[in-house]
Amino acid sequence: MSESKVLDDSGRRNFLIKATSVVGGAGVAATCVPFVASMNPSSDVLAKAETEVDLSEITPGAMRTVAWQGKPVFILRRTPEQIKSAEASNGGKDPEPDEKRVQDPEWLVVIGVCTHMGCVPNKEGPGWMCHCHGSQYDDSGRILQGPAPRNLEVPPYKFLAENKIVIGRA
Amino acid sequence: MPHRIINWIDQRFPLTSFVKHELTGYPTPRNLSYWWNFGFLAGFVLVLQVATGIFLAMHYKADIALSFDSIQHIMRDVNYGWLLRYMHSTGASAFFLVIFIHMARTLYYGSYRAPRELLWWTGQGLLLLLMATAFMGYLLPWGQMSFWGATVITNLFRATPFFGDQVVIWLRGDYMVGDATLSRFFALHYLFPFLIIGAVVVHLVALHTVKSSNPSGIDLADKDNIPFHPYFTAKDFYGLGLFLIVYSVFVFFIPDSLIEPANNIPANPMQTPNHIVPEWYFLPFYAILRSVPNMVGGVVAMGLSVMIFAFMPYLDRSRIPGGAHFRPVYRGLFYIFAVDMLLLGYIGYIPPTDTSIMVGQWGTALYFGMFLVLPFASKAEERWLMKRGLPPQVEALIASEEKEKLKIKNRHRKGGAA
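Chains as they are written, first to last, in this note's numbering: chain A, 1 to 170; chain B, 1 to 418.
Bound conformation, chain A alone (with noise of 0.2 Å):
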């Protein structure tokens, strides 16, 4: 083939421009990898996922806030009323038994953020009420009424001892 052949293939430089242009995109794009992982929880932050909690000193019908992954983590240690209105009920639009909720039933551990916008609801007679817009749980985390979407989410967590628990490991 001539040279002025190869120079009026309009074929071979189109596949060049869309060959570089791949290449070139994929470059720019896997550039960009890091900078977005950046972004991602670090090394030091997945470091705090477990939390030991010891429970002993928890009366009953008191409930205790503790820190897992920076949440708010609810343990309620709930008298025998409490836990007969628990399972009486399947809770209100995100229905769920409550022996699904817990492991021993004198126990609940919850996520303390409201499924809706990640506020802290308070412990306000029975159940949990977020103030942030309304929403309010019974005495197993569940959702009752109010803009929140799901039950407050139950942690991976497992008894170590009758009265150790440890949250973030299942």
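For the record, the hints were derived by calculation from the structure and aren't laboratory data.
We put the beta carbon where it would ideally sit given N, CA and C, even for glycine.
Zero decoy hints are in this set.
Stretches of chain A that chain B covers, calculated by requiring three or more beta carbons in the stretch to come under 8 Å of a beta carbon on chain B:
no., segment
1, 34-46
2, 62-69
3, 116-123
4, 130-144
Since the structure of chain A is already known, use the hints to place chain B on it.
Then chain B, alone, in the frame of chain A:
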């Protein structure tokens, strides 16, 4: 000597012609009222915020262990730190006030109509940038309102399909709003004003292409334009004087009126204050978020309530000039909308009760209803006004615009100086 220096520059850079063309000699409609001052005022507040912000950043520490105290350090120890901080915090409110009036003027006089759609849309982009900048700046004092405001707003991104939870964690750099969040918000709060300056340049290029609108609603003849300087430099500076009086009253006498008391408590991730409210300029949109019982629906409605203004050039189908001035139906809608905004603002401010939620839902329905009704109402109003016979004043305006268009066309055809 100065003359020779300017000559030297002019041979290398279009200094004199640029100043003459875009500033001193820039043709401006002679009938502009004081409602046309607010673009200039917004530019002034932008400069004020950048200047005070840069000097505050010299003393501020973006670290959750230090930031709250560094604000107290600025307020007590730094020379005139209290003044810089109050100018900056008051300036944020002033910025929104000026921008809201600027937008209200555009809506009232129909300045968004052809050929000014791009001018209006670049303004819409500026509003979003301003909201993002204000929101990120509000986290920096690391008070209770700062923390919970940032928590609620970053949580809105949970509504993202498929990756909602990951997006929220990525935005925060942590499972909760924390040190990583504070540092990045500070970095971006410093960056965004420069993006705003860039977008303002685009806004001004669009403005100088289509020129200012005016209360008559038509494009005026050349003889009705006057040079920007000295007529509008004088008018803008007089307005600036009035603005600065109001601004100074807030800065020097009631600076705390714009700061929520709860923000004087350091952030506590374990305890949400009983009543959290956003800054006043976000209240109507916040009320719309709260009014929709479904979370994703609420986020979508809130986003739409800000972005819906961009559709105005297409929603308003009337061709009667002069904005609300010659259009009684549109004028009525404008005032109902303004009252609805105030009502929603109040609903966003008070704690949610059954009544307030119901009022908020009616207010939200009215808010969006106005935009839905507008295409039909504007067309029906136009037909009604035409049938009734336009006032001679409006007829004269339309006729003079037609004549002017014809003249420009002829001039173009002859290849004259157009």
